[in-house]
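Chains as they are written, first to last, in the working numbering: chain Z, 1 to 205; chain G, 1 to 193.
Errors might be hidden in some of the hints.
[Claimed, not checked] Chain Z stretches covered by chain G per the calculated footprint, using a threshold of three residues with CB under 8 Å from any CB of chain G:
id : stretch
1  : 13 to 22
2  : 34 to 45
3  : 57 to 68
These are computed hints drawn from the structure, not numbers from a lab. We put the CB at the ideal spot given by N, CA and C, even for glycine.
Okay, here's what each chain looks like letter by letter:
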Amino acid sequence: MSCAIWEERVALFAGGDLETGEAAAVERHLNQCAACSALAADLRLELDGLRQVHAEPLAAGHYAAVRGRVLAELAKPPRRRLVWPWAWAAALAVAAAGACVVWVMIKPAAIPAPELPRLLAVAPTAQRSRDRQGAVISAHVRRRRTERAAPSVNEQRRLEVAEVVRPPSPRPPAAEDSPVRMVQLATADPNVVIYWLFEEKGEER
Amino acid sequence: MKALALAAAELGDEPEGRDVTLEAARAGDRAAFDLLMRRHERLVLGTAYRLAGNLEDAQDASQEVFLRLYRNLAKLEAGNLAAWLYRVTVNVCHDARRRRPGTVPVDDAPELAAAGDPQQSADQAEQRALLLRSLRMLSEKERAALVLRDLEGLSTAEVAGVLGSSVGTVRSQISKARLKMRDFVERYSRRRL
Chain Z
1 MSCAIWEERV ALFAGGDLET GEAAAVERHL NQCAACSALA ADLRLELDGL
51 RQVHAEPLAA GHYAAVRGRV LAELAKPPRR RLVWPWAWAA ALAVAAAGAC
101 VVWVMIKPAA IPAPELPRLL AVAPTAQRSR DRQGAVISAH VRRRRTERAA
151 PSVNEQRRLE VAEVVRPPSP RPPAAEDSPV RMVQLATADP NVVIYWLFEE
201 KGEER
Chain G
1 MKALALAAAE LGDEPEGRDV TLEAARAGDR AAFDLLMRRH ERLVLGTAYR
51 LAGNLEDAQD ASQEVFLRLY RNLAKLEAGN LAAWLYRVTV NVCHDARRRR
101 PGTVPVDDAP ELAAAGDPQQ SADQAEQRAL LLRSLRMLSE KERAALVLRD
151 LEGLSTAEVA GVLGSSVGTV RSQISKARLK MRDFVERYSR RRL
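Sequences are here, hints too, so could you generate the full structure?
In structure tokens, the structure reads:
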């Protein structure tokens, strides 16, 4: 049985891997310890045997076979490079991002802004409580103001309807006497017409 | 790097000057590359054989090493070629071993003790087979360190450079590997008795 604390150093000593000082210390120990000395002898024997085995050359055919395989591989036409899955994923991501950009750019053109309401007519409506002389009639459309000299047939009909629903008045209402006015606005949708009723003070009905 | 420089000189490389064969191979000369392989095939196949443990795997590994050599010709320098080949050979063998794990642990080698008649097989061939078998009992790193140091004759520092380890680590791996081999041989000898 060798000394456990010396084993590693003896193993290195057997292969000539110790510095001069260390090797001398191990050598002194080997002179005193038969077990470690036997261990060192065994290790040297095994290393020598292994080196002899390794020194035996392989058959020339084995080397030639490797060379032949390598040259045959090199003679093959170059293979197409594999496109890795992550490359496909990256390409898809780029394509999706591009599609989003294009969609954002063309979206405003595809969906036009809604047309602003057009003023069709301003008409007096039924007087609510009392007449006010000199009432100012005004209708203001901020962005676009379209006034027509002659309303269309439909517009005329709407105006007539507005006249019909007006409640009877003790005296015929004059446009300038009535503080309550109706403004009829047409939108881009022919089914939607906006009626705006207002008073002089701005109180809407 | 004395041993590696010596190996390179023996193989025909010229660390101080130009290596005409290497330059011709770089230029695409297949005959020059064939010559380059012939120069280094002993180093590559011999090392791979000891690391892989069988000739078939060693040849596969050697083929891969030479193909990598061909692909990296432009980056390599003649003076570093031997060290580069050792490093790539070790890496390729380790990769192959990871793909096909087949290490026989030290405690699981009864077939060796039971194989053949002990009386008839106590000769050099058996001792040779026993030593090679003991090499296969080592871990990857221990085997690589021992093969490069004891069989290929590299210094401890050169082995450390090839394996990318410190000198201290390599010394530890080498001493453990030698002791494991010795234990294996001793155990086998006791079984025979």
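Results for each hint:
1. 13 to 22: With 3 residues close enough to chain G, the hint holds.
2. 34 to 45: holds (count 3)
3. 57 to 68: holds (count 7)
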